[in-house]
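Undergrad: Under the numbering used here, the first residue of the sequence shown carries the number 1, and numbering increases by one thereafter.
Rather than coming from a laboratory, the hints here were simulated on the basis of the structure.
For every residue, glycine included, the Cβ atom is placed at its ideal position computed from N, Cα and C.
There may be inaccurate statements among the hints.
In the EDC-like style, the derived pairs of lysine to aspartate or glutamate whose C-alpha atoms are separated by at most 20 angstroms in a straight line are [unchecked claim]:
1. K52 - E89
2. K52 - E73
3. K52 - E20
4. K52 - D14
Cβ pair distances, simulated, as ranges [said to hold, decoys possible]:
5. E120 - L29: 39 to 45 angstroms
6. A6 - D113: 32 to 38 angstroms
7. D103 - E9: 20 to 26 angstroms
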Amino acid sequence: MDDHRAQVEELLADYRRSREQLVTVQRELAAVSGHASSPDGTVEATVGTGGKLVGLELSEMAYRRHRPEQLAELIVRTVAAAAASAAEETYQALSTVLPTATDPAALVAGTADLRPSEYEAGSEYETVDLGQQPVRRRVDDDEDNEQRESWLDSELINRRVR
């Protein structure tokens with residue numbers, strides 16, 4: 001009878017340790033955030049858990065240096081970089097409780113126990129990519145790239161002339 005009691009006590013102790021570890025990981029996951037700045041420093045983005053945008057700062061120079069469509073693209077790229085940073089933090093937190101051979105990114109994407117044929121394009125299964133997003137190239141509208149005035153300045157000038 002004492003052997004069974006010792007086994008039960010050992011199992012309960014293991015359960016309590018595992019539960020404490022999971023509570024710690026859950027707290028880490030709840031605190032996940034990612035931050036990124038654009039290469040020129042005009043855009044800063046902060047995302048929280050799941051890549052949700054929680055902060056966006058645009059410097060005053062952002063409006064002068066970039067046309068609206070360029071600025072929008074820069075914002076998207078900066079937010080994607082912040083989300084990738086948060087995703088990496090998520091993967092690191094999860095890796096402490098996952099078996100060694102388990103890929104945290106695949107687990108988050110929902111593909112950890114699937115074969116590639118089950119989640120590749122054209123399959124009946126749908127997956128969500130929470131990490132890297134495709135980066136589109138910046139398109140310059142100025143043919144000779146020598147125009148130095150801001151799109152905003154030219155818009156204001158045009159309004160005054162009318």
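Undergrad: None of the hints should be skipped; say for each whether it holds.
TA: Going through the hints against the structure:
1. K52 - E89: Given that 20 angstroms is the threshold and the Cα spacing comes to 14 angstroms, the pair holds.
2. K52 - E73: holds, 18 angstroms
3. K52 - E20: violated, 27 angstroms
4. K52 - D14: violated, 35 angstroms
5. E120 - L29: 39 to 45 angstroms: violated, 28 angstroms
6. A6 - D113: 32 to 38 angstroms: holds, 35 angstroms
7. D103 - E9: 20 to 26 angstroms: violated, 35 angstroms
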